[in-house]
Amino acid sequence: MRPQRLHVDPIACKAHGVCAELFPERIRLDDWGYPIIDPIAVPRDLMVHARRAIAECPRVALRLAPVGEEGEHQRDPA
Amino acid sequence: MTAPVRIRRTAPARLLPATPAPEGITAHLATFGERPPLGAALIDELERSGLAGRGGAGFPAGRKWRAVASHAQRAWAAVVVADAVETEPASIKDQTLLALRPHLVLDGIQHAVEAVGATRAVLYVSRANASLVSALSAAIAERPPGEVTVELRAAPMRYVAGEETAVVNRLNGRAARPSVVPPRPYEAGVDGHPTLLHNVETLAHTALVARRGAAWFRSVGTADSPGTALVTVCGAVGAPGVHEVSLDMTIGETVDAAGGAGAEPLAVLVGGYFGTWLHAAEAWPLGLNRLALARAGAGLGAGVIAVLPRSACGVAETDRIITFLARESAGQCGPCHMGLPAVSELLHAVALGRAGLRSVATLRRWAGEIYGRGACRHPDGAVLLLRSALAVFGDDLERHARGHPCGASRHAPILPTPALPAGWR
Amino acid sequence: MVVLGLLMSARWHSATWPRFLTQALHRNLSLLTVVFVAIHIATSIIDPFAGLTVKDAVVPFTAGYRPLWLGLGVVAIELFVAIVVTSLLRRHLSWRAWQAVHMLAYVSWPVAVLHTIGTGTDTRSAWGILLDVVCVGVVAVTLVWRLGIGWPRHAALRATAMVVSLAGVVALVAWTASGPLQPGWASAAGTPSNLLAPAASAAPSSP
Chain A
0 MRPQRLHVDP
10 IACKAHGVCA
20 ELFPERIRLD
30 DWGYPIIDPI
40 AVPRDLMVHA
50 RRAIAECPRV
60 ALRLAPVGEE
70 GEHQRDPA
Chain B
0 MTAPVRIRRT
10 APARLLPATP
20 APEGITAHLA
30 TFGERPPLGA
40 ALIDELERSG
50 LAGRGGAGFP
60 AGRKWRAVAS
70 HAQRAWAAVV
80 VADAVETEPA
90 SIKDQTLLAL
100 RPHLVLDGIQ
110 HAVEAVGATR
120 AVLYVSRANA
130 SLVSALSAAI
140 AERPPGEVTV
150 ELRAAPMRYV
160 AGEETAVVNR
170 LNGRAARPSV
180 VPPRPYEAGV
190 DGHPTLLHNV
200 ETLAHTALVA
210 RRGAAWFRSV
220 GTADSPGTAL
230 VTVCGAVGAP
240 GVHEVSLDMT
250 IGETVDAAGG
260 AGAEPLAVLV
270 GGYFGTWLHA
280 AEAWPLGLNR
290 LALARAGAGL
300 GAGVIAVLPR
310 SACGVAETDR
320 IITFLARESA
330 GQCGPCHMGL
340 PAVSELLHAV
350 ALGRAGLRSV
360 ATLRRWAGEI
370 YGRGACRHPD
380 GAVLLLRSAL
390 AVFGDDLERH
400 ARGHPCGASR
410 HAPILPTPAL
420 PAGWR
Chain C
0 MVVLGLLMSA
10 RWHSATWPRF
20 LTQALHRNLS
30 LLTVVFVAIH
40 IATSIIDPFA
50 GLTVKDAVVP
60 FTAGYRPLWL
70 GLGVVAIELF
80 VAIVVTSLLR
90 RHLSWRAWQA
100 VHMLAYVSWP
110 VAVLHTIGTG
120 TDTRSAWGIL
130 LDVVCVGVVA
140 VTLVWRLGIG
150 WPRHAALRAT
160 AMVVSLAGVV
170 ALVAWTASGP
180 LQPGWASAAG
190 TPSNLLAPAA
200 SAAPSSP
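Here the protein sequences come in this chain order: A, B and C. The first sequence runs 0 to 77 under numbering that gives the first Met the number 0. The second sequence runs 0 to 424 under numbering that gives the first Met the number 0. The third sequence runs 0 to 206 under numbering that gives the first Met the number 0.
I should point out that these hints are in silico values taken from the structure, not numbers from a laboratory. There's no promise every hint is true.
If you want the footprint, here are the derived chain A segments under chain B, 3+ residues with CB under 8 angstroms [stated by the list, open to error]:
no.: 1; region: 26–35
no.: 2; region: 56–66
Stretches of chain C that chain A covers, calculated by requiring three or more beta carbons in the stretch to come under 8 angstroms of a beta carbon on chain A [as the list claims (entries may be wrong)]:
no.: 3; region: 9–22
no.: 4; region: 87–99
Computed from the model, here is a short list of chain B residues facing chain A with C-beta under 10 angstroms [stated by the list, open to error]:
no.: 5; residue: 176
no.: 6; residue: 329
no.: 7; residue: 341
no.: 8; residue: 365
Don't be surprised by glycine CBs; every beta carbon is placed ideally from N, CA and C.
Make a model of the complete structure from these sequences and hints.
In C-alpha cells, the structure reads:
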C-alpha cells in the first residue's frame, strides 16, 4: 500500500485540539490552536494513533491520503 | 539579465483598440470579421498557442479546455464561466477590456461553449460597477442569433469572490466563499457540471487565436510566455492605466510605456496584493515572462505593476495591504481567519515602532506556519507579500522596529485598500 | 454527560486533563448510560409493581402508571438514542445533521429530570433530593460557565440563555417543592389507586 499521510480539512476544523494530544508525532498546534500537520508518511507502527486521531476529531476533519496527492499550493516556496 | 539601455517599445495592440472607445457589435465585426466556428478544433490550436490564463494562476488554457471537454463527454454538458470579478483593488484591466471590447470576450465565451460542449454560459462580474453591468447587458443583447445566451450574474464585492471555487459556490446559490478541492470545477462545478472557468482577458485572447492562429499568437512574447497581456500600471508613474504589453518586454519598458517612473523609484509591486515586492533596480531589467519573474520569486498574477516612489514607505503600504487582506478573509479556516489579523496587528505595531525586532522573527515564523494551510490561496498570497516586504524593505523595517518609523510612512497611500461593503452574496 | 459535552464545546483542558480524555469519557459514559437506562427500563417492566409493558416503554404517555411523567422518560430516552446512533454513524452524516440531533440533548436531559422527579417513588427521600440537587446543580453551573466563555461575543444571546436556564432551575425547584414533594403527589400524578398508600397514613391535602 502506498505511504499515507494525514490531511486536515481546514474549513471543517474548529481547533478542538484533540488530534494534537493523540498524535503529537505528526500534529502540533499553531499559536491559534489549529493543527499543523507534518506531511511525512505515517509508518505502520504509528498508524493506530493516526486512526484514533481521525476517529476522535469532533468535526471529522482529519483523513488519510496517499503521499503526494495534495494540491500544489501546499508546497511552501520559502 | 541585463538591459542597461532602456528602449521605449510599444507593444502591438491586439486586445485593446487604438482609441479607448467602446466597440459595439458592428464595429467589432468591422475590425475582426465574423467569428469562425471552429468547435473542438480550437482546443488543439490553443494548446499550440501556449496561451496561459491571465487571471492570476497562469494555467495553460488549452489544457484546461481539454480537461473540461473530456469530463463533459463522460458526464453531462459543461458550463462556461467568464470570470470578470476583478476584486484586486489596484487592477482595472478586466473592466477596461469589457468596457472597450466586450464582443471579443463574448466571442471567446462562444468558442469555449462550442469547444467543450457547454449548454450554459455565465459572465460573472462584480456588482460594484453598475454601468459596466448594464453595458454588458446591452452587448449580450446585440449578439447574433444561434449563440448560447450568456447569463450575466453579479458577484459580491469580496476579494476572494473571484477564486475558482468561490465563483462556483456563488453560482450554485451559496455564499461566495471558497471550498476545499476536490472536486475541481473542471470535474464538477456549477450544478455539478464540468465547468470551464476563465478570466475574461484569457477568453479574449482565445477569440483572437481562433481568427489568426497559434503561430500568429506566438509571434510576440517568449517561447514559454507567448503573446500579449494586459497590465495595470499604477503608483508613481506618469500615465497610470491599462497597457497591453508583449511578454518579452521588461518591467522597465512597461513602466516607460506608462509615462515612466519619477525620480529614483523605491520598489515595484508585481502581480497584485498576493504578489511580490521587488527592488526597483532589480525589477527594471526583469522580463515579464513567467520564467524570468519566477526566478525573481514573482509572477504576473493579476497584471498589476505598482511603482512605489522613494517618498513613500514600503512598510506602511504593506501594513495597509495586509490589514486589507486580513479583513477580506472568508473566515473559514483558522490559519487565515486568526493568523492574518495577528500578522496584520503585529506588523502594524512594528510599523509604528511599538514592537521590537523579536516581532519580526515572529512574523517570519507565522508566515511559514500559515502558508498552505487554508482551503484557498488567500493566506498564501498574504504570506508571500509579507515575505517579499521583509526582503525588500528589511532595513527600513528594522528602523521601524527600533522605534524610528520613517517620515515617509506619513505619505498618502499609494495603493488603494478600500473598505468593501459586507455581504457574501 | 451534559457536563462533559459542555466541557468539550468549551475546549476545556488542564495540564493533567487533556481534551481527548473529556471526549473519551463523554463517549464511553454515554454508551454506559444506554446500558443503565436499558436495565432501568427492563427492571421497570419486569417488576410487577407498576404493571408496565414493553409498549409503555416505547410509546410515550400510554402507560397505566403516571402516564405523563413516565411518558416524559420515554421521550427523553428516545431522543437520547437518536443522539447516540447519529454519533456512532458520524462519519456518514453531514456535520450539520449530526449537530442538529446532538443539540436535542438540551431537550432530552431536562425532560429526563422531570421524568425522574415526577415518576420517582423515592423523590421525597433524602438521597433522592440530594441526587436531584447535585445533578441539576452541576449542569446549571457548568452551563453558565460555558456561556461565559468568549464573552462578550454574542452577548445578548448568551445573557438570554443564562437567564432562561437559571429561571428554568428556579421554576423546577418551585414546581418540585409544590408538587412532587407534597403529599398526595402520587395520586395527582396518575398512580393507579390500588397502588396508593392508605389515605389515613398521609396528611390530607389536594394539589
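Here's how the hints hold up against the structure:
1. 26–35: Coverage by chain B holds here, the residue count being 6 at a Cβ distance below 8 angstroms.
2. 56–66: violated (count 0)
3. 9–22: Held - the region 9–22 of chain C has 6 residues with a Cβ nearer than 8 angstroms to chain A, which meets the minimum of three.
4. 87–99: The restraint on the region 87–99 of chain C holds, since 3 of its residues have a Cβ under 8 angstroms from chain A and three suffice.
5. 176: 9 angstroms, holds
6. 329: 9 angstroms, holds
7. 341: 7 angstroms, holds
8. 365: For residue 365 of chain B, the interface hint holds, since the closest Cβ of chain A sits about 7 angstroms away, which is under 10 angstroms.
Hint check: a violation occurs at hint 2 only; the rest are consistent with the structure.
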